[in-house]
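> Residue numbers for the sequence shown follow this note's numbering, so the first one is 126 and each next one is one higher.
Just so you know, the hints here were simulated from the structure itself, not pulled from any lab data. Misleading hints may appear alongside valid ones.
As the list claims (entries may be wrong) - Ranges between beta-carbon positions, derived for each pair:
| hint | residue 1 | residue 2 | range |
| --- | --- | --- | --- |
| 1 | Ser166 | Arg131 | 15 to 25 Å |
| 2 | Gly145 | Gly167 | 30 to 40 Å |
| 3 | Asp140 | Gly167 | 39 to 49 Å |
| 4 | Leu160 | Lys128 | 16 to 26 Å |
| 5 | Gly167 | Val139 | 32 to 42 Å |
| 6 | Ser159 | Lys128 | 29 to 39 Å |
| 7 | Leu160 | Met126 | 16 to 26 Å |
| 8 | Met143 | Gly167 | 37 to 47 Å |
| 9 | Gln165 | Asn144 | 33 to 43 Å |
| 10 | Gly167 | Asp146 | 30 to 40 Å |
| 11 | Thr136 | Ser159 | 31 to 41 Å |
| 12 | Ser166 | Asn144 | 11 to 21 Å |
| 13 | Val139 | Gln164 | 10 to 20 Å |
| 14 | Val142 | Gly167 | 32 to 42 Å |
From a predicted model like this one, the values you see are computed outputs, not experimental measurements. Ideal Cβ placement from N, Cα and C applies to all residues, glycine included.
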Amino acid sequence: MVKDLRTGHETGNVDAVMNGDLDAFITAALMRGSLAKVQQSGS
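Between the sequences and the hints, there should be enough to build the whole structure, so can you do that?
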């Protein structure tokens with residue numbers, strides 16, 4: 126199991142992550158960053 130504690134994204138496919146399949150983790154990080162900006166600009 127691979128978990129990103131910052132975004133909450135996780136996957137059970139460790140081999141894929143170790144082979145460079147990071148798209149889902151990158152997407153989760155980008156979504157987290159854009160959500161933070163939206164919340165910050167709305168305050």
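> Please go over all the hints and tell whether each is borne out by the structure.
Verification of the supplied hints:
1. Taking 15 to 25 Å as the suggested C-beta distance range, the pair Ser166 and Arg131 conforms, at roughly 21 Å.
2. Between Gly145 and Gly167 the C-beta distance comes to about 36 Å, which sits within the given range of 30 to 40 Å.
3. Distance hint check for Asp140 and Gly167: the Cβ-Cβ separation is about 40 Å, which falls inside the suggested range of 39 to 49 Å.
4. Range check, Leu160 to Lys128: Cβ separation about 19 Å, and the 16 to 26 Å hint holds.
5. Checking the proposed 32 to 42 Å range against Gly167 and Val139 shows it holds: the Cβ atoms sit about 38 Å from each other.
6. Distance hint for Ser159 and Lys128: a CB-CB separation of about 21 Å, inconsistent with the stated range 29 to 39 Å.
7. In this structure, Leu160 and Met126 meet the distance hint of 16 to 26 Å, their C-beta atoms being roughly 24 Å apart.
8. In this structure, Met143 and Gly167 meet the distance hint of 37 to 47 Å, their C-beta atoms being roughly 38 Å apart.
9. One distance hint, 33 to 43 Å for the beta-carbon pair Gln165 and Asn144, holds here, with the actual separation near 35 Å.
10. At about 34 Å, the CB distance of Gly167 to Asp146 agrees with the hint of 30 to 40 Å.
11. With their beta carbons about 21 Å apart, Thr136 and Ser159 fall outside the hinted range of 31 to 41 Å.
12. Between Ser166 and Asn144 the beta carbons are some 38 Å apart, a value that contradicts the proposed interval 11 to 21 Å.
13. Between Val139 and Gln164 the beta carbon distance is about 32 Å. The supplied range of 10 to 20 Å is therefore violated.
14. Under the hint 32 to 42 Å, the C-beta atoms of Val142 and Gly167, about 34 Å apart, fit the expected range.
This entry does not satisfy hints 6, 11, 12 and 13, going by the numbered hints stated previously.
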